[in-house]
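Engineer: Per my numbering, residue 92 is the first one in the sequence shown, and the count goes up by one each step.
Don't read these hints as lab results, they were simulated from the structure.
In this text, a Cβ means the ideal position worked out from N, Cα and C, and glycines have one as well.
Check the hints yourself; a few may be wrong.
[Said to hold, decoys possible] So the derived label-pair ranges between C-beta atoms look like this:
1) Pro210 - Gly173: 38 to 48 Å
2) His202 - Ala129: 32 to 42 Å
3) Gly117 - Thr172: 32 to 42 Å
4) Gly138 - Gly173: 35 to 45 Å
5) Ala113 - Thr133: 15 to 25 Å
6) Pro152 - Val222: 15 to 25 Å
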Amino acid sequence: MAAVTRDDDPPAQWRATRPGVALAVGANLLAVAVAATAAWTTTVAAGGAVAHAAGVLQDRPRARRIGSLALLAATLAGVLTGLGDVAVLAGTALVVGAYDAGERSASLHSHAPAAGTWPLEARRTAWTLAVCTLAAVAATLLARAPTTPAPGGAALALAGGVLVALSLRD
92 MAAVTRDDDP
102 PAQWRATRPG
112 VALAVGANLL
122 AVAVAATAAW
132 TTTVAAGGAV
142 AHAAGVLQDR
152 PRARRIGSLA
162 LLAATLAGVL
172 TGLGDVAVLA
182 GTALVVGAYD
192 AGERSASLHS
202 HAPAAGTWPL
212 EARRTAWTLA
222 VCTLAAVAAT
232 LLARAPTTPA
242 PGGAALALAG
252 GVLVALSLRD
């Protein structure tokens, strides 16, 4: 069975070559560095980062989702391997930023393949990371109060929000 192709665009033009790809890959690499506390978390994180990057470059939504979820799982599993709560929150924020940058890059490339979108993509990624960082700082401060749960619980709540956002995205 032949692959379905667009008649007006050669396949080479489908690949995202936007600055968002660099932002997504950079955030993925930082998240892998955070999750690299054991051999198995490093392997899962690196595999997820590669799958996400390939999904962004070749506009494959399933690869982007699976890669992001694998990277998120490896980051959250860092709690089991001795990773600190603040590092787990930072890694989770990086995964969310990478996913958002990748989605934005693929979306913009499909709608405006020739347009220069660096300011838009950088601003959007900065906002996403700022919101995630603010949420992580707030969770950490709340966790320091005597009667609140640990930041690891806040990371799991943030991860739950990511999963809900992924399920509602389409």
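Engineer: Hints first: check each against the structure and report whether it holds.
Structural biologist: For each hint, the structure was consulted:
Checking the proposed 38 to 48 Å range against Pro210 and Gly173 shows it holds: the Cβ atoms sit about 40 Å from each other. With their beta carbons about 41 Å apart, His202 and Ala129 fall inside the hinted range of 32 to 42 Å. The hint said 32 to 42 Å for the Cβ distance between Gly117 and Thr172, and at roughly 24 Å that hint is violated. At about 21 Å, the beta-carbon gap between Gly138 and Gly173 misses the expected band of 35 to 45 Å.
Against the hinted window of 15 to 25 Å, the Cβ-Cβ separation of Ala113 and Thr133 comes to about 22 Å, which satisfies the hint. Our hint of 15 to 25 Å for Pro152 and Val222 holds, since their Cβ atoms are close to 23 Å apart.
Hint compliance for this structure: hints 3, 4 are not met, and every other hint is.
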